[in-house]
Amino acid sequence: MTAVLPAPAATGAGEQARLVLEVSAVADAAPGIRTLTLRRPGGGLLPGHPPGSHLVLDCGGRRNAYSLTGDGMPAAEYRISVLLCPDGAGGSAAVHRWRAGDRVTATGPRSAFAPVSTARHAVLVAGGIGITPLLSHARAAVRWGRSFELLYGHRPGAGAHLAELHALCGDRLGVHEDTAELLARIGSVLADRPLGTHVHVCGPAPLIAFVEDTAGALGWPADRVHAERFSAADLDPGEPFVARLARSGLRVPVPAGTSLLAALEAAGVAVPSMCRQGVCGECRLPVTAGRPLHRDLYLAEPERAAGDAVMACVSRCADDELELDL
Amino acid sequence: MGAAHTSVPRWPAAVPAVDPVARRLALLGLGARGAAHVQRWRAAVRPGVPVWAHTAARADDATLQLLAAEVGGARVGWRLLLAGPEVDVLAARAVATGLGALDSEIGVAVTSTRRRRVWCAHCRDTTETTQPVSGEVRCRGCGRRLHVYAHVSRRRGAHLGFQVDAEELP
Ligand code: FES
Numbered sequence: 001m002t003a004v005l006p007a008p009a010a011t012g013a014g015e016q017a018r019l020v021l022e023v024s025a026v027a028d029a030a031p032g033i034r035t036l037t038l039r040r041p042g043g044g045l046l047p048g049h050p051p052g053s054h055l056v057l058d059c060g061g062r063r064n065a066y067s068l069t070g071d072g073m074p075a076a077e078y079r080i081s082v083l084l085c086p087d088g089a090g091g092s093a094a095v096h097r098w099r100a101g102d103r104v105t106a107t108g109p110r111s112a113f114a115p116v117s118t119a120r121h122a123v124l125v126a127g128g129i130g131i132t133p134l135l136s137h138a139r140a141a142v143r144w145g146r147s148f149e150l151l152y153g154h155r156p157g158a159g160a161h162l163a164e165l166h167a168l169c170g171d172r173l174g175v176h177e178d179t180a181e182l183l184a185r186i187g188s189v190l191a192d193r194p195l196g197t198h199v200h201v202c203g204p205a206p207l208i209a210f211v212e213d214t215a216g217a218l219g220w221p222a223d224r225v226h227a228e229r230f231s232a233a234d235l236d237p238g239e240p241f242v243a244r245l246a247r248s249g250l251r252v253p254v255p256a257g258t259s260l261l262a263a264l265e266a267a268g269v270a271v272p273s274m275c276r277q278g279v280c281g282e283c284r285l286p287v288t289a290g291r292p293l294h295r296d297l298y299l300a301e302p303e304r305a306a307g308d309a310v311m312a313c314v315s316r317c318a319d320d321e322l323e324l325d326l
Numbered sequence: 001m002g003a004a005h006t007s008v009p010r011w012p013a014a015v016p017a018v019d020p021v022a023r024r025l026a027l028l029g030l031g032a033r034g035a036a037h038v039q040r041w042r043a044a045v046r047p048g049v050p051v052w053a054h055t056a057a058r059a060d061d062a063t064l065q066l067l068a069a070e071v072g073g074a075r076v077g078w079r080l081l082l083a084g085p086e087v088d089v090l091a092a093r094a095v096a097t098g099l100g101a102l103d104s105e106i107g108v109a110v111t112s113t114r115r116r117r118v119w120c121a122h123c124r125d126t127t128e129t130t131q132p133v134s135g136e137v138r139c140r141g142c143g144r145r146l147h148v149y150a151h152v153s154r155r156r157g158a159h160l161g162f163q164v165d166a167e168e169l170p
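Quick mapping for you: the protein sequence lines, in order, are chains E and B.
Sequential numbering from 1 applies to the first sequence in the working numbering.
Sequential numbering from 1 applies to the second sequence in the working numbering.
Rather than coming from a laboratory, the hints here were simulated on the basis of the structure.
This one's a predicted model, so the numbers in the text were calculated from it and none came from an experiment.
Don't take every hint at face value.
Unchecked claim - The calculated label-pair distances, taken between Cβ atoms and stated as ranges, are: (1) Ser117/E / Ala17/B: 29 to 35 Å; (2) Asp171/E / Asp103/B: 30 to 36 Å; (3) Gly61/E / Ala14/B: 50 to 56 Å; (4) Arg138/B / Gly216/E: 19 to 25 Å; (5) Arg291/E / Ala36/B: 35 to 41 Å; (6) Leu45/E / Asp103/B: 36 to 42 Å; (7) Asp192/E / His151/B: 37 to 43 Å; (8) Arg124/B / Ala76/E: 43 to 49 Å; (9) Ala217/E / Ala14/B: 21 to 27 Å; (10) Gly307/E / His151/B: 21 to 27 Å; (11) His151/B / His166/E: 47 to 53 Å; (12) Ala217/E / Arg114/B: 38 to 44 Å; (13) Val8/B / Ala306/E: 22 to 28 Å; (14) Ala69/B / Gly44/E: 50 to 56 Å.
As the list claims (entries may be wrong) - Partial selection, computed: residues in chain E whose CB lies under 8 Å from chain B: (15) Gly196; (16) Leu218; (17) Pro221; (18) Asp223; (19) Arg224.
C-beta: ideal position from N, C-alpha, C; glycine also.
Using the sequences provided together with the hints, build the complete structure.
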């Protein structure tokens, strides 16, 4: 993505700002969705970030990525909205237990879903809790006077941030509680938008697939369509490839549906890891040959383009072999 | 910088085909050979898909204005196919990308690379020449002798030119 930031970025390559934050307010945005306000314990400005960025929070022994809903200008507070996933791995439940005054640690913010600065118009599509990065996009678009529209689908009664979205977007917002209606609306929008429009979608995997397929069929080139997936669980199994370890000479096959990280571990190769969903940066491995297929949220755009590192927990290889400096 | 990093375009050897998912096509042919490509593309467009087609001797101001009007009114799903000498095709592509078209929406068939345009870094005028890259050309704006540098600005569709021996001046 060609992201150019209206705000000074704190997302330089490799640099990982470690933040200690204090929960300053807790509120319910919708049933099961908790909005947390975070600030520096002593007060003061937090780093600005491109719209659509996320913060990686240490929560309940895990690290989860949560979208920042602000417009990205440096501010005294960050806000995140977290959906409680009762059968999730527990990260969201831990966040839901936090109270005002609690101290938490985080890294970031990191940008992997930024607006396109040259876009003539932006179509923002959100499903469920996928509204959070797009609320950030909408706020920034309003702030900078950029043309956009937002299509937001959610289950009846489960819409988050509705009042602020209406106030912010006015008639640029379309809210749909009915899935068929949302999909029909997406289809008609994608059928007729000016050249120079970009689409940004965040939501459940089937919604993202619908947007990508519909856009493709209507002649949208892939580089006009930008998606943010909730988690590694939403990633497809991918193609099999072989990891070749340059130093030890070991060859480790990585079947479809198995991560590079899991395959290496099974072969007795120790690789540090933590989140196992492409957000924390622990499992980064140096690549010496083969093209990585980046599927993480961790590496910055220049690092991806360089192709000399791969996040083993989620990313794969576009070639038959990926050579690692191990 | 090695050759791999030059911004001088290397054009695909194959003539691009009409994209079957396109919902509207713009075809622009410059010169006789460019016009011939437009004719072939036109015949390959699915019936019912609207086509804007234009041919001209060169990518002059009038032609580029017509193209700009077409791009300005286009909706996503539109594709542009350009054919002609590199110098004309670069100028046309710069107009299209300046109005929001992406490289993935533009196909190019280059019929000749003999001519090039050189943008003077000193007076900002543009001079056309048949000098090769690394050759020398007299700027029509300021009269300086310009070195034709191996850098093509996508925005201007022209090579960068700067004064020969610029570094030796006081
Ligand atoms: S283990 Fe966290 S990015 Fe891979």
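Enumerated hints in conflict with the structure, sorted upward: 4
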